[in-house]
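Participant: Listed below are the residues making up each chain.
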Amino acid sequence: MSDSRALTNLSISEAAAALRRRETTAVALTQATLARIKETEPTVQAYATVTVERALESAERADRELAAGRDRGLLQGIPIGVKDNCYTKGILTEVGSKAMEGFVPDYDSTVVSKLYAAGAVLIGKTRCHEWSCGGSEPPTRSAWDRDRFPGGSSIGSGVAVSARSAFGAIGTDTGGSIRIPATLNNLVGMKATYGRVSAYGVAPLAWSLDHVGPLTRTARDNAIMLGAMAGHDPNDANSARVDVPDFLTDIDGGLQGMRIGIDRDYFLYPGVVDSVRAVTEAVIDQLAAMGAKIVEVNLPELEMTRETLMTIRMVESASYHRHRIREQGHLYSPGTRATLQMGEVILATQYVAALRARERFRRAMKNLFRRESLHAQISPTIPVSAPLLEDVWKPRADMENGETPTDGFVHHVYPANLSGQPAISAPGGFTPEGLPVGYQLMGRPFDEATLYRIAYAYERTQNWHERQPPQVYD
Amino acid sequence: MLMPRIEQPATGEASADPLLRLAEMLRLDLTEEDLTALADQLRTIDALEKEELGDFSPILRMDADWHE
Chain A
0 MSDSRALTNL SISEAAAALR RRETTAVALT QATLARIKET EPTVQAYATV
50 TVERALESAE RADRELAAGR DRGLLQGIPI GVKDNCYTKG ILTEVGSKAM
100 EGFVPDYDST VVSKLYAAGA VLIGKTRCHE WSCGGSEPPT RSAWDRDRFP
150 GGSSIGSGVA VSARSAFGAI GTDTGGSIRI PATLNNLVGM KATYGRVSAY
200 GVAPLAWSLD HVGPLTRTAR DNAIMLGAMA GHDPNDANSA RVDVPDFLTD
250 IDGGLQGMRI GIDRDYFLYP GVVDSVRAVT EAVIDQLAAM GAKIVEVNLP
300 ELEMTRETLM TIRMVESASY HRHRIREQGH LYSPGTRATL QMGEVILATQ
350 YVAALRARER FRRAMKNLFR RESLHAQISP TIPVSAPLLE DVWKPRADME
400 NGETPTDGFV HHVYPANLSG QPAISAPGGF TPEGLPVGYQ LMGRPFDEAT
450 LYRIAYAYER TQNWHERQPP QVYD
Chain B
0 MLMPRIEQPA TGEASADPLL RLAEMLRLDL TEEDLTALAD QLRTIDALEK
50 EELGDFSPIL RMDADWHE
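Taken in sequence, the protein lines are chains A and B. Residue numbers for the first sequence follow numbering that gives the first Met the number 0, so the first one is 0 and each next one is one higher. Residue numbers for the second sequence follow numbering that gives the first Met the number 0, so the first one is 0 and each next one is one higher.
Source of the hints: derived by calculation from the structure; they are not laboratory data. Worth double-checking, as some hints may not be accurate.
As the list claims (entries may be wrong) - According to the in silico footprint, chain B covers these stretches of chain A (three or more CB under 8 angstroms from chain B):
| hint | region |
| --- | --- |
| 1 | 171 to 181 |
| 2 | 252 to 259 |
| 3 | 308 to 322 |
| 4 | 344 to 356 |
Note that beta-carbon positions come from the ideal geometry of N, C-alpha and C, so glycine has one too.
Given these sequences and hints, build the entire structure.
Facilitator: So this is what it looks like as structure tokens:
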């Protein structure tokens, strides 16, 4: 197996199997990925930094270890991208910010340490929006249509995996920043349960909403990555003391007996465009045909998730950036600086009200899951397919209430950040124009395994995940 | 993370004057347009504060007992 493009088209699972059959080597996988980066970067600009020498050294080590019988698991020798808000010892970490230009951490974030321990090859740092929020746009472009929005803030992670210039990538998700790039790039993105993956060494946006997770091309690959990334970390005060299961154990267990909720009033509201609605209904029908019971549910508390999350986010972001902005405000783009400062004028009592509203929402969601014996709740990941870049912040022509595409994004993805429950986005189909559409599953805390099981069951009935983006294959 | 409301042009429905004085006092580098957008944002928080939250303590504690 020597063809470079054939190698980069492999899933993590396939590459790991090929390594163990000695059909390829970690060095070959890494060289193929570096070649792919060279080929695609002029078009997509997914990477902030490419770590050529380190990657090749890691790959050589992985090959030596595998040859000596030291198997660290299925990520060993696999090239992985890391969002540039994750600290990497000795490697530039600029968080998309001029204020961080030239910053080289002297320690690794826990999630990066865990990837190294699993034998993964860090191929580079992927671009993100400035400080992981949307005040300015990186140069990264979608591999599906360069004129359309590829998501954010884990924009480079999504595009790199989609463009086959990484086998998987780490993203972070404070308000959808793993799941939005996942759906817009035809990927699987997991925002695991709050506390499941350590956030130590990750530049925060809002401590109590930040989640770290994987973006991959298949559900199985995602389960492999999360298994390597998850676990209690004494360096992170919010890290959960919960055992990490092998997420692959029951992944092919099927859907018999599964109960999956759908809140049509909220998640299929009029802002959901026809093409996305059709894909979502097709996914639901398929899950039902495979044995899942679809349960109609209604949770009025969803309506306040946006105000609640934004209040918490603004205050926590303002706290983190307060001193730096006063000293280096000129190194923030104006939009980012404003959105990171505004929280300073929110009253402490208003912040506490938001924390209480979060607890009310979390309890309501929990009661819904228990009352209906739900294993998951399904929705479109976002109400629209990828908008044109110039339309992302503009009112939609088809909506009379001034709703923008971004309004729709947050409507669907904020709830799981607020509740802290796990949520996955997986490929559900395509629009007639050939743009990817994802569906979202929200689950029970620390039960990511069930979400993988559902996503894997659906994935096996379709080939959406095998479709390749046209912009970098022409 | 994408944050739409405060990125949008302000509606101008809320006054930024008190916020302007507060921003000056806090040495915040915000434009009048930013502050008008912020005033709109604060109005949404007003709605949040009017909610009945008497039984809910401000604790985030993820538990694993949703299965029961």
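Participant: Each hint: holds or not?
Facilitator: Status of the hints after comparison with the structure:
Counting residues of the region 171 to 181 of chain A whose C-beta lies closer than 8 angstroms to any C-beta of chain B gives 6; at least three are required, and the coverage claim holds. Chain B is given as covering the region 252 to 259 of chain A, and this is violated because 0 residues of the stretch bring a CB closer than 8 angstroms to a CB of that chain, at least three being needed. Coverage of a stretch by a chain is defined here by at least three residues with a beta carbon nearer than 8 angstroms to that chain's beta carbons; for the region 308 to 322 of chain A and chain B the count is 4, and the condition holds. Requiring three or more residues with a Cβ within less than 8 angstroms of a Cβ of chain B, the coverage given for the region 344 to 356 of chain A holds, as 10 such residues are present.
Violated hint: 2 only; the structure is consistent with all others.
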